[in-house]
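Q: Sequence:
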Amino acid sequence: MAYDIELAERVRALMPAEVSEKKMFGALAFMVNGNMACAVGADDLLVRTGKSAYEAAIEAGAEPMVMGARTMSGYVNVAVDLLRGDALVDWVRRGVATAESLPPKPPK
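537 is the number of the first residue of the sequence shown in our numbering; add one for each residue after it.
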């Protein structure tokens with residue numbers, strides 16, 4: 537399933553200039569210093585929270601990211617219904633801040 541193009545445009549407008557984009561698993565990932573900050577799916581936004589901010593993100597309405605039978609700590613899915621107005625700004629900032637806090641990854 538393809539990613540939500542309109543949501544991707546909204547996210548792109550909020551990203552810092554040094555962001556790169558990468559298509560992954562049908563989603564469009566936004567990378568900061570080689571680290572994924574967030575990714576736009578068909579009907580949600582995957583946000584990298586890191587382990588320390590994970591519980592706060594869940595309390596704010598996000599769902600755990602699950603791949604197969606495994607829950608991925610440090611990543612959450614935010615339903616598109618929770619991304620209206622300024623809410624998107626907050627979620628994107630969370631992902632960018634987490635990615636910026638990590639060591640840069642060298643380009644492949």
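Hints listed in this document are in silico derivations from the structure and should not be mistaken for laboratory results.
Be careful, since some hints might not be right.
DSSO-like, lysine-lysine: derived pairs with alpha carbons at most 30 Å apart [to be verified]:
no.	residue 1	residue 2
1	644	559
2	587	641
3	641	559
4	587	644
5	558	644
6	641	558
7	559	587
8	558	587
Q: Now, for every hint given, state plainly whether the structure supports it.
A: Results for each hint:
1. Straight-line distance between C-alpha atoms of residue 644 and residue 559 comes to about 15 Å, which keeps the hinted pair within the 30 Å bound.
2. At most 30 Å may separate the alpha-carbon atoms for a hinted pair to count; residue 587 and residue 641 meet this at roughly 19 Å.
3. Under the criterion of a C-alpha separation no larger than 30 Å, the hint pairing residue 641 with residue 559 is consistent with the structure, at around 17 Å.
4. For the suggested pair residue 587 and residue 644, the alpha carbons sit about 26 Å apart, so the restraint of at most 30 Å is met.
5. Taking the CA atoms of residue 558 and residue 644, the gap is near 12 Å; set against the 30 Å cutoff, the hint holds.
6. This hinted pair checks out: residue 641 and residue 558 have alpha carbons roughly 14 Å apart, not beyond 30 Å.
7. Under the criterion of a C-alpha separation no larger than 30 Å, the hint pairing residue 559 with residue 587 is consistent with the structure, at around 24 Å.
8. Our distance criterion of 30 Å between C-alpha atoms is met by residue 558 and residue 587, whose separation comes to about 23 Å.
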